[in-house]
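**Q** What follows is each chain in one-letter form.
Protein chains: 2
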Amino acid sequence: MNLSCFTRLFNLRIITVFSLTFPIIMLNALNTIHKQWLYSRHPQGVVGTDHYTMQEQVLDAGLDRDEVLIEARYISVDPYMRINQSAKPTYNPQPHPLNTVQAGGVVGQVLASRTDKLQAGDWVFGMTGWQTHARVHFSDLTKIDPELAPVSTALGVLGMPGRTAWFGLTEAGKPHAGEVVVVSGAAGAVGSLVVQFAKRHGARVLGIAGGAAKCAWLTEKLNADWAIDYRNFSDAETLSTEIQRLTGGVDVYFDNVGGLVTDAVIPLIKRRARIVICGQISQYNGGLDNPEMGPRLLHHMLYQRATMQGILARDYLHRMDEMLPIVAAWVKTGELVFEETFIDGFEQLPHALNSLFTGEHRGKLIVRI
Amino acid sequence: MNLSCFTRLFNLRIITVFSLTFPIIMLNALNTIHKQWLYSRHPQGVVGTDHYTMQEQVLDAGLDRDEVLIEARYISVDPYMRINQSAKPTYNPQPHPLNTVQAGGVVGQVLASRTDKLQAGDWVFGMTGWQTHARVHFSDLTKIDPELAPVSTALGVLGMPGRTAWFGLTEAGKPHAGEVVVVSGAAGAVGSLVVQFAKRHGARVLGIAGGAAKCAWLTEKLNADWAIDYRNFSDAETLSTEIQRLTGGVDVYFDNVGGLVTDAVIPLIKRRARIVICGQISQYNGGLDNPEMGPRLLHHMLYQRATMQGILARDYLHRMDEMLPIVAAWVKTGELVFEETFIDGFEQLPHALNSLFTGEHRGKLIVRI
Numbered sequence: 001m002n003l004s005c006f007t008r009l010f011n012l013r014i015i016t017v018f019s020l021t022f023p024i025i026m027l028n029a030l031n032t033i034h035k036q037w038l039y040s041r042h043p044q045g046v047v048g049t050d051h052y053t054m055q056e057q058v059l060d061a062g063l064d065r066d067e068v069l070i071e072a073r074y075i076s077v078d079p080y081m082r083i084n085q086s087a088k089p090t091y092n093p094q095p096h097p098l099n100t101v102q103a104g105g106v107v108g109q110v111l112a113s114r115t116d117k118l119q120a121g122d123w124v125f126g127m128t129g130w131q132t133h134a135r136v137h138f139s140d141l142t143k144i145d146p147e148l149a150p151v152s153t154a155l156g157v158l159g160m161p162g163r164t165a166w167f168g169l170t171e172a173g174k175p176h177a178g179e180v181v182v183v184s185g186a187a188g189a190v191g192s193l194v195v196q197f198a199k200r201h202g203a204r205v206l207g208i209a210g211g212a213a214k215c216a217w218l219t220e221k222l223n224a225d226w227a228i229d230y231r232n233f234s235d236a237e238t239l240s241t242e243i244q245r246l247t248g249g250v251d252v253y254f255d256n257v258g259g260l261v262t263d264a265v266i267p268l269i270k271r272r273a274r275i276v277i278c279g280q281i282s283q284y285n286g287g288l289d290n291p292e293m294g295p296r297l298l299h300h301m302l303y304q305r306a307t308m309q310g311i312l313a314r315d316y317l318h319r320m321d322e323m324l325p326i327v328a329a330w331v332k333t334g335e336l337v338f339e340e341t342f343i344d345g346f347e348q349l350p351h352a353l354n355s356l357f358t359g360e361h362r363g364k365l366i367v368r369i
Numbered sequence: 370m371n372l373s374c375f376t377r378l379f380n381l382r383i384i385t386v387f388s389l390t391f392p393i394i395m396l397n398a399l400n401t402i403h404k405q406w407l408y409s410r411h412p413q414g415v416v417g418t419d420h421y422t423m424q425e426q427v428l429d430a431g432l433d434r435d436e437v438l439i440e441a442r443y444i445s446v447d448p449y450m451r452i453n454q455s456a457k458p459t460y461n462p463q464p465h466p467l468n469t470v471q472a473g474g475v476v477g478q479v480l481a482s483r484t485d486k487l488q489a490g491d492w493v494f495g496m497t498g499w500q501t502h503a504r505v506h507f508s509d510l511t512k513i514d515p516e517l518a519p520v521s522t523a524l525g526v527l528g529m530p531g532r533t534a535w536f537g538l539t540e541a542g543k544p545h546a547g548e549v550v551v552v553s554g555a556a557g558a559v560g561s562l563v564v565q566f567a568k569r570h571g572a573r574v575l576g577i578a579g580g581a582a583k584c585a586w587l588t589e590k591l592n593a594d595w596a597i598d599y600r601n602f603s604d605a606e607t608l609s610t611e612i613q614r615l616t617g618g619v620d621v622y623f624d625n626v627g628g629l630v631t632d633a634v635i636p637l638i639k640r641r642a643r644i645v646i647c648g649q650i651s652q653y654n655g656g657l658d659n660p661e662m663g664p665r666l667l668h669h670m671l672y673q674r675a676t677m678q679g680i681l682a683r684d685y686l687h688r689m690d691e692m693l694p695i696v697a698a699w700v701k702t703g704e705l706v707f708e709e710t711f712i713d714g715f716e717q718l719p720h721a722l723n724s725l726f727t728g729e730h731r732g733k734l735i736v737r738i
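Those protein sequences? They're chains A and B, same order as listed. For what it's worth, the numbering used here labels the leading residue of the first sequence as 1, then goes sequentially. For what it's worth, the numbering used here labels the leading residue of the second sequence as 370, then goes sequentially.
The set of hints was computed from the structure by calculation and includes no laboratory data. Among these hints, one or two may not hold up.
[Stated by the list, open to error] If you anchor each label on the Cβ, the simulated ranges turn out as follows:
(1) THR588(B) x PRO89(A): 49 to 57 angstroms
(2) GLY178(A) x PRO458(B): 17 to 25 angstroms
(3) THR727(B) x ASP235(A): 29 to 37 angstroms
(4) GLN463(B) x SER234(A): 29 to 37 angstroms
(5) LEU467(B) x ARG245(A): 22 to 30 angstroms
(6) ASN601(B) x ARG368(A): 55 to 63 angstroms
(7) PHE726(B) x LYS221(A): 50 to 58 angstroms
(8) THR610(B) x GLY249(A): 39 to 47 angstroms
(9) GLU661(B) x THR53(A): 38 to 46 angstroms
(10) PHE726(B) x GLY248(A): 29 to 37 angstroms
[Stated by the list, open to error] Below, in silico cross-link-like pairs of lysine-lysine (DSS-like), each with a Cα-Cα straight-line distance of 30 angstroms or less:
(11) LYS639(B) x LYS88(A)
(12) LYS486(B) x LYS512(B)
(13) LYS543(B) x LYS88(A)
(14) LYS639(B) x LYS543(B)
(15) LYS174(A) x LYS543(B)
(16) LYS512(B) x LYS270(A)
(17) LYS199(A) x LYS332(A)
(18) LYS174(A) x LYS639(B)
(19) LYS639(B) x LYS270(A)
[As the list claims (entries may be wrong)] Simulated coverage check for chain A against chain B, where a stretch passes if three residues somewhere in it have a Cβ under 8 angstroms from a Cβ of chain B:
(20) 254 to 264
(21) 320 to 326
The beta-carbon is built from N, C-alpha and C at its ideal position, and this holds for glycine as well.
Can you build the whole structure from these sequences, using the hints too?
**A** The structure is reproduced here in structure tokens:
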């Protein structure tokens, strides 16, 4: 960390004074280590350290025109990463290729630049994956304004999870004031925002999460009307009874988890309910390759003339200019809770990914380099 | 039949010459028998004769102002009847009450009338249920034009099944020219129309049905591009492989059956696919009360950003004026196949309902009185 800090400061000065190629030579001379986590083995069940291999090499910092060298400072771990490790086609036709850098979102700083669009020291977001450094065309990066909000929010409330929550709820969920919105995975990166966005739409909100601490956080900090710890229920029927008792029926179900929780909610949908399939995390540890069995519930769609829609963040990427003025203002004033849980150290990435499926974190989980 | 024909002709004359109350006295004097099938026992599995009780009485033909006496000529049997026999809430909050006349659609003729809106002899449609006669307020009846099409089509292509097929496909399925539309239960009252409507939208259509005869009918008479007899497949995987081989993937899935066929189709949906849940007939013989287990497949909704929508005919009742000019024209010219299978005899109603779930009929099944 000290070495890279020094390198960064050094480059800043060099770029100003000398040519654009000189600092690259300096970087090489300093023998900066470029670390990468390669996705190296297909997981049958839960993904973790067994499925990644660390690779280290001296940084090759050569840049072509319009390219930028960035150093990663915050690296994202997200449930979708496990989807794309499925052996079957998922949202991408092919699984994540083996023995390549794990794909993912990164917030970093520019170390060197051969474009006037970005300067050394600038904060950027890019899909540069699990590596300490990356050489990228400037057009693949988004500049971050560190005055707007903490830069790490580009991986959370002002990035992919925020976009998923905002457009998933508004475009597919379409909540109305007075309606009941149920959110599964409600303490997660997306769910915790959906709870708050739904409240702002005037809905009454039930958050479903695992553990008493998360549930207390949902009602005390996120202003959810109700919270249920699904771990207190051994079957869908008793969970369903409790959801019905609290809410009286469900207008919008924003589903991040699938499985037993969804089995409990679907029989409670009301006329013209909207079900948003945002995630099915309970099924990611093997269930995508070999589907788990569950009760057939599609007849409820018919009874209630309900709509179910699957959503992906990528479909709304070009519409961030609609969301950011609204949500960034709430972030700036502090009226939106956007909890970030940091795990320190590049070496922790596989463990951090694993803990998405087993851990106790709240909000957005980020590895800090 | 002869007696009631005589009664009808007799009334026609009486109404013209005398007061409106006189023909009622005449009917009673003729001791017309009023038969009713009461739904008398909740079925655990397949519904049939065990669950109905015949009741006969002398017709009480008293009419208040604005009321009409009708004689049933064609009585509908539909899969939805079994849904509402489920012990759990379905599309109606309460199950069909026991020991009441089985609800259902009827095409009949006016025997006597105390409104100038309808004359004796007029053909009408009404939800008067499984009974030979019914006393109804005129506003609960729809007059049928026998010149437009065979009057029985008010129970089929120009009635509830036609409306379900038309609006289900156009409003929820939204097929585009060149897309692949897959229809389950494709030889049924709704499915056989969806196949033809989808062809008219320029789609390539796969019909899935049970038995070689139905499949031959789909391709030879209904112009389906492909037909698959699902009975030739013992599991969803092999059926899925065959659907994929024929179609290359599914843009619209119009589902009448659920269960194994739906398990085979859902993994094949393409980007932005639309799934129309119109029926789940494979689940009606017990599966609504005690859901069958099947593979969890909602993750495919996410991958493909697909939409699933449950539909019911009642939601489009007020929009028949949009459909009828188009579809009735196709019926009149004969370019639309609207096969009707008749079972003769009021006594056959419970058996006819049963045969919806077990039988070999094509198109719309109707009991002719």
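**Q** Are any of the numbered hints broken by this structure? If so, which, sorted upward?
**A** 1, 16 and 21
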